[in-house]
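Protein chains in written order, with our numbering: chain H, 1 to 289; chain Z, 1 to 290.
In short, the hints are calculated from the structure, not lab data. It is possible that part of the hints are untrue.
What the hints assert, rightly or not - Examples of chain Z residues lying across from chain H (beta carbon under 8 Å, computed): (1) L75; (2) G76; (3) A247; (4) H248; (5) G251; (6) A259; (7) Q262; (8) G269.
Note that the coordinates shown come from a computational prediction; the quantities given were computed from them, not determined experimentally. No residue lacks a Cβ here, since even glycine has one placed at the ideal position from N, Cα and C.
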Amino acid sequence: MRVGFVGMGVMGLPMARHLLAAGHDLAVWARRPASADAIVAEGAHLCVTPAELAARSEVVISVVTASRDVEELALGPDGLIEGLASGAVHVDMSTIAPATARMLATRYAERGIGWLDAPVSGGEAGAREATLAIMVGGAEETLAQVRPLLACLGRTVVHIGPAGAGQVAKACNQMIMVNVIQACAEAMRLAGAHGVELHRVREALMGGSAASRVLDVMGGRMARRDFAAGIQSRLHHKDFAILLEEARQLGVPLPVAAQTWQQLNALMALGGSLDDTASLLRVLEAQGL
Amino acid sequence: MKVGFIGLGIMGRPMALNLLKGGSDLTVWARRPESMTPLLEAGARGAGSAAEVAAACDVVFSMVADAADVEQVALGAAGVVEGARTGLIFVDMSTIAPAAAQDIAARLADKGVTMLDAPVSGGEVGAISGALTIMVGGDEAAFARVQPLLACMGKTATLIGGPGAGQVAKACNQILTGIGVMAVAEAFNFARKSGVDAAKVREALLGGFAYSRILENHGQRMLDRNFKPGFKAWMHQKDMNIVMQEAHRLGLMLPGSAATAQLFNAMVGSGMGEEDSVAALKLLENMSGA
Chain H
1 MRVGFVGMGV MGLPMARHLL AAGHDLAVWA RRPASADAIV AEGAHLCVTP
51 AELAARSEVV ISVVTASRDV EELALGPDGL IEGLASGAVH VDMSTIAPAT
101 ARMLATRYAE RGIGWLDAPV SGGEAGAREA TLAIMVGGAE ETLAQVRPLL
151 ACLGRTVVHI GPAGAGQVAK ACNQMIMVNV IQACAEAMRL AGAHGVELHR
201 VREALMGGSA ASRVLDVMGG RMARRDFAAG IQSRLHHKDF AILLEEARQL
251 GVPLPVAAQT WQQLNALMAL GGSLDDTASL LRVLEAQGL
Chain Z
1 MKVGFIGLGI MGRPMALNLL KGGSDLTVWA RRPESMTPLL EAGARGAGSA
51 AEVAAACDVV FSMVADAADV EQVALGAAGV VEGARTGLIF VDMSTIAPAA
101 AQDIAARLAD KGVTMLDAPV SGGEVGAISG ALTIMVGGDE AAFARVQPLL
151 ACMGKTATLI GGPGAGQVAK ACNQILTGIG VMAVAEAFNF ARKSGVDAAK
201 VREALLGGFA YSRILENHGQ RMLDRNFKPG FKAWMHQKDM NIVMQEAHRL
251 GLMLPGSAAT AQLFNAMVGS GMGEEDSVAA LKLLENMSGA
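Here chain H stands alone, though its shape is the one from the complex (with noise of 0.2 Å):
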C-alpha cells in the first residue's frame, strides 16, 4: 500500500520502520527535514508538503504531539486535506482531543476521506516491538481498509465506536494510568518512610492482588530512583487538562484525578517535567530535584 507517515519523533520512527519492512511503499513528511534522514536512508521518499504527502498516498498515518499540531498538519496550509483523495485515509494515533478528532473527522467527510483516531498505549518500547494496543474512532468500514497496517504496528486493535471514541478510551487509559502511578508512588513513599526496602515491597506485590503493569514498570523505576524518561511527566500534565476540563464540560466528578493533576502541577513547579512520571515519588519525599 502506498502510505504516508508524519512524526518521527521516539514512537513515530519505530512504527514507520515496521510499515517498511512489511513492504509498504511509504513516503514521510517532516517539519524539520533531518529528522526524516534515518528512514530515508531506509528507502522511505522525503516529500515536501504534507499536501505532496497525501497526494500519493492512500493512507497517511501521524503521530504528533498536541491537538493544534494535528489540526495544522490537515488543515493548516499545503495540509493534508489538500492532497489526499477521496476515498483516501487519515489516521492519527497521536494523543489529542476527542473534540479536535470529531471535528477533523467531519471536515475530512464533507470531501469524501476517510478518518480514524488511533491513539496508542504500550510506550516506546511498545512502539519497537510493534506490540502496541490501538484504540480506533471512526468508520467500521475505514478501519477495515487500514486493518493490515495497523496489524504491522501493534498486538490489538480494538474499535472502539465512532469518530473521537478512540480518544476517549486513550483518556480513560491515561487517567488509569496515572492515577496508579500516583498510587505506586504513595506507597513506595510509605514503606520508604518505614525504612522498608522498595524493591523487596515492588517484588512481593507483584505476586499478589495489587500487581499491575505500573507497578511493574514505574514502581521498578522507583525503587531504582531511575527517573530518567520514559514519557516526560509534561506529556501527562497535558493530558490531565484536557481531561478535567471535559469532565467539566460534561458535569462528571473525578476526585482522584483531580488530586493527581495537582501532584503533576507540583512536580512541574519543582522543575521535573522534563523526566518521567515515576517522579510523582519525589513531590511526595518534597525535597526538591
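Based on the hints, put chain Z in the right spot on chain H.
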C-alpha cells in the same frame, strides 16, 4: 465626569442604577436592548454600541460573563477601543482569569486606554444594596480617579496591586467561598448521618473558632432547604475552573480546590447547576444515602 456602563444583567443592572443614584451622568449599552430599559427609565442615556459608550465617557465600566465577552467589549468590532479617547479608564468588574485581564489591559494600554480589573464579591444582594466588596488591580492614579464611583457600588474597594491583581484576589475569594460552602455542607451531612440536629450544631459553632459568614448565611439556607440562587452552582464551577487553569499554568498544588471543583462538576452534571451553591448539601446527601 461622564460615566458609561456595559452589561446590564443580574449584577450589572443594580450596579448601574447605584451609579445613577449617586448622581453620575450615565450612558449604558447592553447586547440585549430590553435589558437597557430599566436604566433608560431611571434617566440613563442609551448607546448603540460599546464604542459609542466609550466616545461619550471618561470612565467605562463593564460587567459581563467571561473573558471572551470582556475581550469583545473592549477590543472587538464596535468595542470600547474604537470609540475611546486617550486617557479613558476602562473598569472591568467581571470575573475572568488574571492572565486574560493582564493581556487585555496590555492591549488597551497600547491604544491609550487604562484598564482596571475590579471584580466583586457580595452577589446580587450586595449589588442591589451597594455593599459589594471590590478588588482592584491596575494603575494607582486611575484607581484614585474612579474611587468615588466605586463607592456608589461597594462598601469597600481595595487596590490589590498591578494589572490582574484584582482577579487574583477574586480567585482567592472563590477558593475560600467554594471550599467553605463544601465544608459547611460536609459538616451538616456528617451531623445528619450521625443522627444529630444540624441546626443545633450550627448554633453552637457560630460562637467558636469555626465561625464564618458562610456557616452563618449559607448554613442557614441549607437548614431552610432554600436552594434558590443567590450564586448559581454553574457560575461557581466556572470560577473554580479559572482557579484550576491558573494552578495548571503556574505549577501550583491546590488539592482542596481540586476536590471542590469536582463536586461542582457533579452538581452541574446532576442538574443542580441553576441552583445555589448551597445545594451541595443535597449532592452529598444523595451520595451518602439516607
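Each hint tested on the structure:
At a threshold of 8 Å, the smallest CB-CB gap from L75 (chain Z) to chain H is about 23 Å, leaving the interface hint violated. For G76 (chain Z), the shortest C-beta to C-beta distance to chain H is roughly 24 Å, which exceeds 8 Å, and the interface hint is violated. The interface hint given for A247 (chain Z) is met, as the beta carbon of that residue sits about 5 Å from the closest beta carbon of chain H, less than 8 Å. A least Cβ separation of about 5 Å between H248 (chain Z) and chain H falls short of the 8 Å threshold, and the interface hint therefore holds.
For G251 (chain Z), the interface hint holds, the least distance from its beta-carbon to any beta-carbon of chain H being 3 Å, beneath 8 Å. Interface restraint check for A259 (chain Z): the shortest CB-CB distance to chain H comes to about 6 Å, inside 8 Å, so the restraint holds. The beta carbon of Q262 (chain Z) comes within 4 Å of a beta carbon in chain H, closer than 8 Å, and the hint placing it at the interface holds. For G269 (chain Z), the suggested interface contact is upheld, since its CB lies about 2 Å from the closest CB of chain H, less than 8 Å.
In summary, the numbered hints that this structure violates are 1, 2.
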